[in-house]
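*Asks:* With our numbering applied, the sequence shown corresponds to residues 563 to 733, in that order.
Possibly wrong hints are sitting among the right ones.
[Stated by the list, open to error] In the BS3-like style, the derived pairs of lysine-lysine whose C-alpha atoms are separated by at most 27 Å in a straight line are: (1) Lys654 <-> Lys720; (2) Lys611 <-> Lys662; (3) Lys662 <-> Lys648; (4) Lys720 <-> Lys648; (5) Lys654 <-> Lys602.
[As the list claims (entries may be wrong)] The calculated label-pair distances, taken between Cβ atoms and stated as ranges, are: (6) Thr718 <-> His621: 30 to 40 Å; (7) Leu684 <-> Cys655: 40 to 50 Å; (8) Arg651 <-> Ser593: 17 to 27 Å; (9) Pro686 <-> Ala714: 40 to 50 Å; (10) Pro686 <-> Glu637: 34 to 44 Å; (11) Ala701 <-> Leu577: 12 to 22 Å; (12) Asp664 <-> Arg570: 44 to 54 Å.
Because the hints were derived from the structure by calculation, they are not lab data. We put the CB at the ideal spot given by N, CA and C, even for glycine.
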Amino acid sequence: MVSSTESRPIPPAFLDNLYVYGRATLPITESHPMGPCSGKGTARLEGTKILDQARLDGHDVVVCRAADFLDPGAETTVMPWSSLEKVVRGRKCSFMWFGKPDNRHSFVLPRGVAQGVAETCLRPDLRSMPTLHMPAITAFSANDLSRELSSAVGRTFKPATVGKTCSHGRW
563 MVSSTESRPI PPAFLDNLYV YGRATLPITE SHPMGPCSGK GTARLEGTKI LDQARLDGHD
623 VVVCRAADFL DPGAETTVMP WSSLEKVVRG RKCSFMWFGK PDNRHSFVLP RGVAQGVAET
683 CLRPDLRSMP TLHMPAITAF SANDLSRELS SAVGRTFKPA TVGKTCSHGR W
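Whenever a hint applies, use it, and build me the whole structure from the sequences.
*Replies:* So, in structure tokens, the structure goes:
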């Protein structure tokens, strides 16, 4: 796939998630050690190795990583948007959160990610590192969000937590 884009003026761009880092402490930077603790993370690591080899072979490849999306329609994430909408509209007293409620999690806004990937493709000076992280909003926990929502709306909200952990912690 990479070699098929050689004659194009803009390099191929790959948008990846942060699973390759496994249970990482915040903040996660581009130089953070990779230590996947799930099948998804291991698959991402294999993909990273393939793209690293493409770079060694002389290909210009853009890899951008982003945290979970937070936006209408973002449902396969630590905090499904529809769950948050139900709380804000007064239909529920709890919102869904995957994992421990005191674990901080990073989120990105999809439009910002799209702009970041496009700008990275158009500006070679932004591609000095093999991987770039897209800007994220300040990380927060379910407990942090509960406090903020409760304060803003004037009634108590709690996270409804579910989740899977791996040997290194939260996937």
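*Asks:* Against each hint, give a clear statement of whether it holds in the structure.
*Replies:* Here's how the hints hold up against the structure:
1. Annotation: proposed proximity of lysine 654 to lysine 720 holds, straight-line Cα distance about 10 Å (limit 27 Å).
2. With a C-alpha separation of about 31 Å, the suggested pair lysine 611 and lysine 662 falls outside the 27 Å cut-off, and the hint is violated.
3. Proposed proximity of lysine 662 and lysine 648 is supported: the alpha carbons are some 21 Å apart, at most 27 Å.
4. Proximity of lysine 720 to lysine 648 is assessed by CA-CA distance (about 13 Å); at most 27 Å being required, the pair is judged to hold.
5. Only pairs whose Cα atoms come within 27 Å are accepted, and lysine 654 paired with lysine 602 is rejected, the gap being roughly 31 Å.
6. Evaluation of the 30 to 40 Å hint for threonine 718 and histidine 621 yields a failure: the beta carbon distance comes to about 54 Å.
7. Distance hint check for leucine 684 and cysteine 655: the Cβ-Cβ separation is about 46 Å, which falls inside the suggested range of 40 to 50 Å.
8. Taking 17 to 27 Å as the suggested C-beta distance range, the pair arginine 651 and serine 593 does not conform, at roughly 42 Å.
9. For the hinted restraint 40 to 50 Å between proline 686 and alanine 714, the CB-CB distance of approximately 43 Å keeps it satisfied.
10. For the pair proline 686 and glutamate 637, the beta carbons lie near 36 Å from each other, so the given range of 34 to 44 Å is met.
11. Look at alanine 701 against leucine 577: about 20 Å separates their beta carbons, and that is inside 12 to 22 Å.
12. Range check, aspartate 664 to arginine 570: Cβ separation about 46 Å, and the 44 to 54 Å hint holds.
Comparing the model with each numbered hint stated earlier shows that hints 2, 5, 6 and 8 do not hold.
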